[in-house]
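Protein chains in written order, with the working numbering: chain A, 1 to 359; chain B, 360 to 779; chain C, 780 to 1172.
Check the hints yourself; a few may be wrong.
Over the 10 Å line for every Cβ pair with chain C, so calculated as not near, a few chain B residues [as the list claims (entries may be wrong)]:
hint, residue
1, ASN455
2, LYS487
3, LYS519
4, PRO527
5, LYS530
6, GLY555
7, SER679
8, SER772
SDA-like mimics (lysine to any residue), calculated; alpha carbons at most 25 Å apart, straight line [unchecked claim]:
hint, chain 1, residue 1, chain 2, residue 2
9, B, LYS775, C, ILE952
10, A, LYS157, A, MET143
11, B, LYS586, B, ASP761
12, C, LYS1117, B, TYR694
13, B, LYS519, C, LYS1117
FYI, nobody ran anything at the bench for these hints, they're computed from the structure. Remember, it's a predicted structure, so these values are computed and weren't measured experimentally. Where is the CB? At the ideal position from N, CA and C, for every residue including glycine.
What follows is the residue order along each chain.
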Amino acid sequence: MALQDAQVDPPAAAPLGARPGDAIRNFISGYGLFAVLLALPVYYGISDLKNDGNLAHLGQNIFQGLSNGAIWALIAVGYTLVYGIIELINFAHGDVFMIGSFTASALFGTLGLTLVSSTGSIVFGLILTLVLCMLICGLLNVMIERVAYRPLRNAPKLAPLITAVGLSFILQNVGLLWQGGSPRSVDDLIHAQQDVFTFLGITVQRADVLAIVVTIPLVIAATTFINRSRLGKAMRATAQDPDAARLMGINVDVTISLTFLIGGMLAGAAGLIYALYQTTVQFNQGFQAGLIAFTAAVMGGIGNLRGAVLGGLIIGIIQFISDDRIGTQWTPAIVFAYLILIMIFRPQGLLGEETREAG
Amino acid sequence: MAGCLLGTAALGVSACGSSNSSSSSSTPAASGTTSSGASGGTVDVYSSLPLQGASKDQTNAMVQGIQLALSEAGNKAGSTTVKYQSLDDSTAAEGNWNAQQVGANARKASSDKKAVAYIGEFNSGASKVSIPVLNSVGLAMISPANTYPGLTTSEPGTEKGEPDIYYPTGKRNYVRIVPRDKVQAAALATQMKTDGCTKVAVANDKDTYGAGLARIFDTDIKSKGIKLVSDTGIQKDAANFRAYASKIKAAGADCFFFSGVTANGAVQITKDVAAALPNAKLYGADGICESGFTNPSKKGIPAKIGKNFECTVATLNLQSIPGGPAFLKSFKAKYGTDKPDPYAIYGYEAMKLTLDTIAAGGTTRDSFLTKLFATKDRKSVIGTYSFDKNGDTSLTDYGLYDVGPDGNPTFKSVIKATAG
Amino acid sequence: MATTVKKKPLAALEDRFPKLGRGPQAVLITAIAIFAVIFPLLMDPISGTLADATQYLAYVVMGLGLNIVVGFAGLLDLGYVAFYAVGAYCSGWLMSSFYADANIHILVTGTAAQAPGVHVNFLLVLVIAAMLCAVAGVIIGLPTLRLRGDYIAIVTLAFGEIVHVFAVNGDGIHPFGVGYPLTKGRDGISPIDQIKLPGLSQFNSYLNLRPYYWTILAIAAIAIFISLRLRDSRLGRAWIAIREDEVAAASMGIPLVKTKLQAYAIGAALGGVSGAFLGPYLQIVNADSFAFSFSIFVIATIILGGLGSVWGVVLGSILLSYINYTLIPDQLNSVPHKIGLDFNLADVSIGIFGVLLLFVMLIRPEGLLPERRRKIELTEGIGAAETSFEVST
């Protein structure tokens, strides 16, 4: 449908040999991106040095941004997996994440986890909750694919976009009926904002530890599975060329279901971490989170797992710096402005896309 | 609509739409005055509230209150039968009030010749849309929730031209049973002075209500010699407000006031501020003074934080108000709890006022309006009040609530706001 | 005015569907057109039905605008709300007492001529809104030129969200000096001047909606006309060529940059015109209206109707607006009560909306009235689908 390589300018410009503008253009496309990415941290780093004489404040921003971004990274991986394999923006993905949060908060009640429970039972209960959340969200995502996307696989490209929106509304309604319209507190089981230690002026809280401790193994596990296992190979083969994959004896339907399962499981895990980290859940949280995670996936290079993680972490940092220095009401604009700049300098995303069309 | 259009083409006009009276009067201005309904007849009352989306819990409570008042009266006001219809001013796709829906609701009521009263809106911004529509046909509007001053007065904190721009006929048709922000802001500021606040941080949700109240509060608090650390508009659906919390901590705030409604990030920001400033006193206005915010078992703020929280509502101790205990009893009989949220109480009083005004002879739009503005020393579940010529209530006493052992807002004391 | 314009698309339509015969098709379209014009006379001038119809037509205009970008040129734009916002703010800035310290009156009469603030004639505002939005469309389009497919979607989405954030926080920005904020945030600029047009008397959105209805009907008719003419023009064929194969189109000598930007500009201008109409019609310009969900709503209307199909988009916009603004909030809500159930249907309205979207798309994935050219592709595609994994469009 489009240019084989998104980096190439309109074809007419390509073969013309070196022009004086090219040097500047190459310079901009090579270093402009770094300039953009570093603009905020460097600016505030300098102002911190001037005011406080050290970088602790900025370091704190970046660290908290990283732990916050870990949640976005988990959701973004789900987006990017699904996009990589069927080239569809799964608008319902954010709402699967919301259902994950709601499941977690409901399970705390069912399992009898409260603030007074013993540490051992909380740890055990949380692991159980994590497994259940991942399972429920994974299966939910598989079901969504079965109901809303598979029947439309041969339909015009944008038709599944609307069924995705439809399902997103249905899931939001489920959330609305389940826990009501107002934001809902979740018991702060892990005492999220309790300090664990301070290092070089950067305070590490329990929530940060949780986010990082859960995210890193999950992402490593997912990446290893996709890169090493047979099924993972099947996924990559289907993503590259479904017809050829089918000819090679790969069951494309099962492979796609598997992709949705993994994406949903990561969203479920993100849902649990979100519930523990923020300690508030709301039926429409998936919308905002989905938008951010999708942005992260595109920023990192869609279809690219490591890219999605990187994108999530970068957005987390941008959000925190902006929340602190500029004001929460401007944060979405800052994040999206960043996205546009990255798209201008590096249309294929930070780490390059891995989709069929990218070749 | 497409089916509706085609169907109408084939079958004739009356097949289509729910609100069109088949008249095609070419003198629309007259339609307001032609309403006729003798006592013993039937009159229509509408309410228009956002029933979908994030504020649905509050508006459902309000509709409960309205329906309780109606069923107590057996759908009768005197000898007149009252037909009530609850309209929705929000849409599914947006989950929020929507100017088109508000306009449609107001027009639906104004084209209904039997309509005498319109209870609404929930959002002050929405009332800016419906007041002029209803004003043009002289239909009375009773708001159970709007506190934005510019709807009725031109006092400080309002915009140039307000409130006259909302009343094209020049004759007022809007009353509210809740005191406007000026009173509540003064009450809150007075309470903070009493509690010994020295540095107050304010966050508002940028809604007409939240931002408006914060604007007036800011001037009040400064006039009381208390330092205002900051007044920040927040992004209501942000994942958390930790950066904000550490910012006001660095600024040395010892009191925090959230000016907004529960749906707009209230729980999250209060928890984040409490985590950063465990000893700070936390305040809220009537937008969050409800069990959905305060009660841990309803997934509101945790009890630990609730201890530091106080909020203001225009309702006072129901047990000590004439008619209060009876209201609580019938509320419990119908809904199983004797701790109604303030929203339910306002809804109840809005309908009760409507019924009493109809019973007093207000069975046409004109007479209803006259009787409504003549309301004087009315004894109600929210206290004894009259309306001034702007349609504002004379109530000035605010109830101070804290979080009771059951987690619900519990009446603590009356604040007599001092001028400021 | 409306009737004369209506005739031409009719002729164009006949050319499009020669096989269907001129008879029944032409009669149907003429009947609908005539009915659309006399419809308000059958209604109470402030009836809810008339108000709804006016609103639906405004969304038809937006749907047609977005259809040029997405349907014709194949550029997936998820930030269309930006143009609604810019258009609506044009009427907010230029037709109200918002800037009360300024005293500018251009070609206005009546109460607007006396009121403080900036008051400009509605027709001028329409032109300004169209031009401003065309410029905005080009600005938003520029960064997407090198991008393909869904990357365009995310960049346009990002612009839409940025515009929304500026609308919400604009009360704190004073680009034109103190006392002249950019917007009034979630509070909303209200009221807006009533429209005044020569030939149509007594615009009063409180008492008489008929002139509003006829105005937007005329705008919609013009938008349909423009869409049909553009589709069959050289430019329209260039858009479709780009949509189908950008590389091939470029090698055939189609200037990509110019052609794409024209699509953005024209599509945006229609959104701006509709927005500038909705300002005075709804009497408020409120930042909350400009959320991402509105972009989704408009894109849903055109995909549901049939991407690229002008009449499909008209039908889709009307149908979906009816579901969202009338069927669910007004009519379904009273159903449980009527059959004696104590159940609040508003609790599940968003789910009903979702289910409807899901089912319509599953039953008719190509849209209600698919574009003829696409229909051919689709039938070919389905025939080949046994072996092909996905039909790329």
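Taking the hints in turn, this is what the structure says about them:
1. At the 10 Å boundary, the C-beta of B:ASN455 falls inside the reach of chain C, the nearest C-beta of that chain being 6 Å off.
2. At roughly 4 Å from the closest C-beta of chain C, the C-beta of B:LYS487 falls inside 10 Å, breaking its exclusion from the interface.
3. Not every CB of chain C lies more than 10 Å from the CB of B:LYS519, the least distance being 4 Å, so the non-interface label is violated.
4. Against chain C, the non-interface label of B:PRO527 is violated: not every CB pair exceeds 10 Å, the least being about 7 Å.
5. The claim that B:LYS530 lies off the interface holds: its Cβ sits roughly 14 Å from the closest Cβ of chain C, which is beyond the 10 Å cut-off.
6. No Cβ of chain C approaches the Cβ of B:GLY555 within 10 Å, the least distance being about 31 Å, so the stated non-interface status holds.
7. For B:SER679, the requirement that its beta carbon stay farther than 10 Å from each beta carbon of chain C is met, with the minimum near 33 Å.
8. Distance check for B:SER772 against chain C: the nearest CB is about 33 Å away, which clears 10 Å, and the non-interface claim stands.
9. For the hint linking B:LYS775 to C:ILE952, the alpha-carbon distance of about 37 Å lies beyond 25 Å, and the restraint is violated.
10. The straight-line distance between the Cα atoms of A:LYS157 and A:MET143 is roughly 20 Å, inside the 25 Å bound, and the hint therefore holds.
11. Pair hint B:LYS586 plus B:ASP761 holds up; C-alpha atoms about 24 Å apart against a cutoff of 25 Å.
12. About 22 Å separates the Cα atoms of C:LYS1117 and B:TYR694, which keeps this hinted pair within 25 Å; it holds.
13. A threshold of 25 Å between alpha carbons decides the hint, and for B:LYS519 with C:LYS1117 the separation of about 46 Å lies outside it, so the pair is violated.
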